[in-house]
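Visitor: Each chain, written out:
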Amino acid sequence: MDKAAAALESSASGIRILVADDQRVNQLILEAFLRKEGHTVLVANNGAEAVEMHRTEHPDLVLMDIMMPELDGLEAARRILADCGEIRTPLMFLTAINDQQTMIEGLGLADDFIAKPIDLAILRAKLRAFIRLVQSQRMLRDQQQRIERLNDDMRRESEVAAHVMERVLAHTEMPDPDFLAYRVQPSAMFSGDMVLARRTPGGRLHLLLADAVGHGLPAAINILPLFFPFDGMARKGCSLATVARELNRRVRDLLPIDRFIAATLVSIDFASNSFEIWNGGNPPALVITEDGSVVERIDSMQLALGLNPDNPALFEPRHVYCGSRQQLLLCSDGIWENPAFSAGGDAGAAVAALMAATEPGQRIDALFRAALDAGQSDDLSAVLVTAKTMPGRASTPPPPRSQSVGARVSLQFGPEALRRTDAVASVLDMAGSLGLVDAFPALPTILPELFSNALDYGVLGLDGHNKYLGADDYQAFYAERQRRLDVLTEGFVMIEIEPDYLGDTRVLRLNVADSGMGFDWQALDAAATGSSGAERSLQRVRGMVANLSFNSQGSEVIVLIPAREDDGVVS
Amino acid sequence: MQIATRTEGQRAIMRLTGRFEFSAHREFREAVERVMQLEGIGDLVIDLMDVEYVDSSALGMLLMVRERTNSAKLGLTLANPRGMVRQALDIAHFEKLFVIT
Chain A
151 MDKAAAALES SASGIRILVA DDQRVNQLIL EAFLRKEGHT VLVANNGAEA VEMHRTEHPD
211 LVLMDIMMPE LDGLEAARRI LADCGEIRTP LMFLTAINDQ QTMIEGLGLA DDFIAKPIDL
271 AILRAKLRAF IRLVQSQRML RDQQQRIERL NDDMRRESEV AAHVMERVLA HTEMPDPDFL
331 AYRVQPSAMF SGDMVLARRT PGGRLHLLLA DAVGHGLPAA INILPLFFPF DGMARKGCSL
391 ATVARELNRR VRDLLPIDRF IAATLVSIDF ASNSFEIWNG GNPPALVITE DGSVVERIDS
451 MQLALGLNPD NPALFEPRHV YCGSRQQLLL CSDGIWENPA FSAGGDAGAA VAALMAATEP
511 GQRIDALFRA ALDAGQSDDL SAVLVTAKTM PGRASTPPPP RSQSVGARVS LQFGPEALRR
571 TDAVASVLDM AGSLGLVDAF PALPTILPEL FSNALDYGVL GLDGHNKYLG ADDYQAFYAE
631 RQRRLDVLTE GFVMIEIEPD YLGDTRVLRL NVADSGMGFD WQALDAAATG SSGAERSLQR
691 VRGMVANLSF NSQGSEVIVL IPAREDDGVV S
Chain B
62 MQIATRTEGQ RAIMRLTGRF EFSAHREFRE AVERVMQLEG IGDLVIDLMD VEYVDSSALG
122 MLLMVRERTN SAKLGLTLAN PRGMVRQALD IAHFEKLFVI T
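Residue numbers (our numbering), protein chains in the order written: chain A, 151 to 721; chain B, 62 to 162.
For the record, the hints were derived by calculation from the structure and aren't laboratory data.
Possibly wrong hints are sitting among the right ones.
Output of the computed footprint for chain B on chain A, the stretches with three or more beta carbons under 8 Å from beta carbons of chain B [unchecked claim]:
1. 401-415
2. 427-433
3. 443-455
Here are the simulated lysine to any residue pairs, SDA-like style, with alpha carbons at most 25 Å apart [said to hold, decoys possible]:
4. B/K157 <-> A/R468
5. B/K157 <-> A/L405
6. B/K134 <-> A/P406
7. B/K157 <-> A/H469
8. B/K134 <-> A/A279
9. B/K157 <-> A/D408
10. A/K266 <-> A/S286
11. B/K157 <-> A/A279
12. B/K134 <-> A/D403
13. B/K134 <-> A/I407
14. B/K134 <-> B/F159
15. B/K157 <-> A/R399
Sample of chain B residues facing chain A (criterion: CB under 10 Å; computed from the structure) [unchecked claim]:
16. M122
17. R127
18. T130
19. A133
For every residue, glycine included, the Cβ atom is placed at its ideal position computed from N, Cα and C.
Produce the complete structure using the sequences and hints provided.
Guide: Next comes the structure, spelled out in structure tokens:
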């Protein structure tokens, strides 16, 4: 008889009782009495039979004599209890024994005793208590079964959901791990963090690190609707701003008010190492040099996806240029808020310290090892993009001009012009109106670096070794710069830009010359990181260009700036 | 997390203590409901002085309160966020949605 059938047979107040006694007369008395009370009675003639019947019949209560042949009551009780699962069958000993040791041993196994000869009034009273116990046990067993059923249902549903999610995410595109490493570590079966990548027709790589509110299945369900719009729009070559705006709109339309998705979107042009970054609600993205120092930090710029109004200005990305082999690190808040990094109060500094202590190729692993060791309570995800090596070695002479392919802009600034005009802005204005800023997006970053080197160290003859050392030095440096500029009577900075070709590659030739003494540019290749301000800024520029060259004395620099890769269709 | 609510004139102040995270969902919602039923309240201040941690679900709960107070035309202020809580609000740019003092 199975448990369900057994439960059906015993009515609300009547229960199924197994009587185990070797004395026929006792069996008869008990059986007659218990039936009259409305119970169902099963009879066993000894301990061994009792154990067997308990196994097959699942009685609600066992009344057991202690002194029996074959197997005595104590041993039989032990085996019955061993057969019970989490819910013990209640057991009462019937005994004439007055041996204290046996009583103590018996009470360790049974729930109660009744003395022989049996006083039926007392047995009736005790049974009442047992009936209550049996009823609550029955309820417990029902609930347990219901929970098991629910658990099974949930597991089955989860498996289906996990399968769908796996299939969807299998369609994302993860390029060469040499320049893009990533990891997502869910805290439960499902991840509320997601990393997606897709190439645009123009060869850029669009990248998304998203983190939905909460974790587990609800977070995973919330984040899934991002996949198809992201993937589809990247395939069509939509700009990052367009993708971000559309994702914000989707989340707004689909998710409940208290659900949003923190997201960092990145679009990478590996030809020029130029990155577009939009960070809504995620911890800062960090640009890290090979030796691990943080050179740029892109903090959350807007509200998370789903919370921003549908205003295009809110989705404009920031432009960042990475030098050769520099890395861009994106993390979800699971990393940032993990005790491994948040304990000291400044997670950014802690993450940066770990990066500086770790080889570039091991940084993602190190990040996760630290977080998992400290204890994971949220989904963890991180992406590390490594910028390509730019072939911009210092050389002389500069590569020859291939052919004149467009407008050449050349401006020379003498003392009066240097004092009164913003030379960089003038050149950029002109370049912009010729479409050269759009075509060569690194120009606005590179030009100010080279111009200030030419003016500060070339024309004004300042000593760059103290620049950036401390706030006081910095102030002193600029005070001295202003003083020398005010009294400048001779010297010039010349800036020339012209579109050109390096082999088949379209480049912008930027030439900056000054009237100064020049500097030892050959030392530049030897130093990994420059020690002076000028060297540092040239190292930075070198990471963004296809070629960097100087005239022999170092007073003129020519860089070839790569063109933006064609973005394809931008809707 | 513990929630102590008091009123000062037209202002109701909910002072939260401890970790404000998903597990506090029910008590937080109930406390907000009780405040919303008070007569003559014009402003709700959620005092975060003694909150040591907020997770993203807690930020979601704050958005829900904002929805409630907006539709009831009540003022809503998040007061005294400190440390990690301040950082979390900053990263989420919640100053665009809430008055934070």
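Visitor: If a hint holds in the structure, say so; if it does not, say that too.
Guide: Each hint, compared with the structure:
| no. | hint | verdict |
| --- | --- | --- |
| 1 | 401-415 | holds (count 5) |
| 2 | 427-433 | holds (count 4) |
| 3 | 443-455 | holds (count 6) |
| 4 | B/K157 <-> A/R468 | 19 Å, holds |
| 5 | B/K157 <-> A/L405 | 20 Å, holds |
| 6 | B/K134 <-> A/P406 | 21 Å, holds |
| 7 | B/K157 <-> A/H469 | 23 Å, holds |
| 8 | B/K134 <-> A/A279 | 59 Å, violated |
| 9 | B/K157 <-> A/D408 | 16 Å, holds |
| 10 | A/K266 <-> A/S286 | 29 Å, violated |
| 11 | B/K157 <-> A/A279 | 64 Å, violated |
| 12 | B/K134 <-> A/D403 | 24 Å, holds |
| 13 | B/K134 <-> A/I407 | 18 Å, holds |
| 14 | B/K134 <-> B/F159 | 14 Å, holds |
| 15 | B/K157 <-> A/R399 | 18 Å, holds |
| 16 | M122 | 6 Å, holds |
| 17 | R127 | 8 Å, holds |
| 18 | T130 | 13 Å, violated |
| 19 | A133 | 15 Å, violated |
In this structure, the earlier hints numbered 8, 10, 11, 18 and 19 are contradicted, and the remaining ones agree with it.
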